[in-house]
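Taking the hints into account, I'd like the entire structure generated from these sequences.
Letter by letter, the sequence shown follows residues 142 to 453 of our numbering.
Keep in mind that the hints were calculated from the coordinates and are not lab data.
All clues stand as given, with none of them false.
List time: in silico BS3-like cross-link candidates among lysine-lysine, alpha-carbon distance up to 27 Å:
| id | residue 1 | residue 2 |
| --- | --- | --- |
| 1 | K417 | K143 |
| 2 | K143 | K424 |
| 3 | K384 | K417 |
| 4 | K333 | K195 |
| 5 | K384 | K143 |
| 6 | K195 | K417 |
| 7 | K424 | K333 |
| 8 | K417 | K333 |
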Amino acid sequence: MKLGFLFPGQGSQAVGMLGEVAAAHPIIEATFHEASEVLDLPLWALACDGPEEKLNQTEITQPILLTASVALWRAWLAAGGAEPGIMAGHSLGEYSALVCAGAMSFSEGVALVRRRGALMQQAVPQGEGAMAAILGLEDDQIDACCAQIDGVVSPANFNAPGQVVIAGSALAVEEAVALCTEAGARRAVMLKVSGPFHCELMMPAVEGFATALDQVDLQMPTIPVVHNVDARVATSVDELREKLLAQMAQPVRWSSCGEEMVRHGAESFVECGSGKVLAGLIKRIDRGRSVFNLETESGFNDGLASSSGEAS
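This is the structure in structure tokens:
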């Protein structure tokens with residue numbers, strides 16, 4: 142039975158994250174201290190105590206979430222957890238997956254995503270961009286609503302059937318929300334985010350990120366990683382690099398990523414990071430799959446028990 146590992150992105154952070162499981166696995170706090178030395182930031186203190194306002198700053202959030210995922214991955218392996226046969230990460234989580242799969246070192250990865258977060262934050266001044274969640278419409282209905290707007294707005298996250306996030310300029314997103322509501326959306330709400338990610342407004346960040354990415358010693362991952370932009374596994378380092386650059390300004394096709402992992406044989410999943418967002422999405426994508434979350438000690442132990450004897 143093949144195991145799939147899922148790595149969450151922004152929005153899964155919370156003050157006090159990983160506190161319970163870290164008490165049972167010292168390698169978690171040690172991993173945070175390792176990242177703190179790289180960035181000269183008190184990452185464990187921020188994760189444990191906040192303040193929430195700083196924890197939610199994109200250039201802080203991204204390295205903290207990557208560190209959380211790597212820390213849980215290390216704890217999983219140290220506890221004898223089975224190696225997965227396939228991985229995927231949502232947005233920032235794609236970098237967590239690549240670090241855990243050996244495509245880049247932890248120190249390079251945590252520095253890279255801090256730079257990524259800073260560039261994404263700088264691309265659009267605060268308040269000029271927005272994102273909104275649209276529930277209960279088909280993907281093509283949301284595309285059609287966005288196409289009617291005279292401004293920048295487009296799908297940013299195809300998270301699960303009937304669950305899409307749109308992004309763009311603030312006014313255009315508000316107008317698209319109104320159209321989606323008229324079209325019969327069960328729910329259409331503006332999100333509290335720091336920028337309009339995964340849309341064309343992120344293009345100014347791509348050039349600067351390309352320079353940062355060129356300085357990273359990328360390798361082919363030892364475990365296949367499904368990429369956000371096309372729900373496919375890269376076949377070369379050059380292709381991997383291209384997919385990471387494209388991801389910044391193109392939508393996250395998470396629903397397709399989940400389907401691709403199932404096609405690769407994933408029969409059960411482990412969410413390796415803070416929160417349970419991806420567990421819920423996988424259940425919407427394929428209700429027949431079991432999902433375990435490593436953030437709590439009970440979830441960690443349940444995942445270990447389930448994976449015992451599973452082949453990758």
